[in-house]
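Using the sequences and the hints, build the whole thing.
Read top to bottom, the protein sequences are chains E and Z. Mapping of the first sequence onto the numbering used here: position 8 corresponds to residue 8, and the numbering continues sequentially without gaps. Mapping of the second sequence onto the numbering used here: position 56 corresponds to residue 1056, and the numbering continues sequentially without gaps.
Each hint should be verified, as a subset may be incorrect.
[Said to hold, decoys possible] If you only want the chain E side, here are some residues facing chain Z, beta carbon under 10 Å, derived:
id, residue
1, Gln6
2, Ser9
3, Gln38
4, Leu44
5, Pro116
In short, the hints are calculated from the structure, not lab data. No residue lacks a Cβ here, since even glycine has one placed at the ideal position from N, Cα and C.
What follows is the residue order along each chain.
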Amino acid sequence: AQSVTQLGSHVSVSEGALVLLRCNYSSSVPPYLFWYVQYPNQGLQLLLKYTSAATLVKGINGFEAEFKKSETSFHLTKPSAHMSDAAEYFCAVSEIGYTNAGKSTFGDGTTLTVKP
Amino acid sequence: DGGITQSPKYLFRKEGQNVTLSCEQNLNHDAMYWYRQDPGQGLRLIYYSQIVNDFQKGDIAEGYSVSREKKESFPLTVTSAQKNPTAFYLCASSSYGSYNEQFFGPGTRLTVL
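Pasting the structure below:
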């Protein structure tokens, strides 16, 4: 079974400050991990993904995440927050079969607020 | 442009009525998914389909039904048996070999009065 825990349902930072959103996962097989972003009343959009290549993954809009197997973590960071980063962020873990697309388990989400 | 469309964006129904939410994709993806989103609860999987004419229950399938007669279409029916149907519904798709990277539609907000 797979699961995801996002620590902190709400995170608030000042514009220009470091963004750190935390995600811990549990998976019985090597995981594939994702971060998605959701703006109000919209669908989710992929930010970045880890698929067992490089442990430091770079995504869109200046975000990156580091896979740490020993800590079962996949935290999302951005060096300098922008007002447009205000949104809800979801961490997800997927397990795939050999003959199908599999399915994902999502965390409960973290709402990021950016203060001017 | 390839993508997923959901219609309508907003839907209002009276209690006790069945309602069907549309989801269409032109990405040629094999798998499709329906999620329900409530504030503070993330995304919960309702049903998913890996192939045409086959689908599996997710974590909260009670009160919902689906069909997958065509690869590009995966409609969701919210039945009168669903006790609390007011929510935001998201449809997604993914392809084999993509590690289950999911592409999402814009969502349908259903309000039952």
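Results of checking the hints against the structure:
1. Gln6: At 8 Å from the nearest chain Z Cβ, Gln6 of chain E passes the 10 Å test, so the hint holds.
2. Ser9: holds (7 Å)
3. Gln38: Interface hint status for Gln38 of chain E: holds (8 Å vs cutoff 10 Å).
4. Leu44: Nearest chain Z Cβ about 4 Å off; hint holds.
5. Pro116: At about 25 Å, which exceeds the 10 Å cut-off, the nearest Cβ of chain Z leaves the hint on Pro116 of chain E violated.
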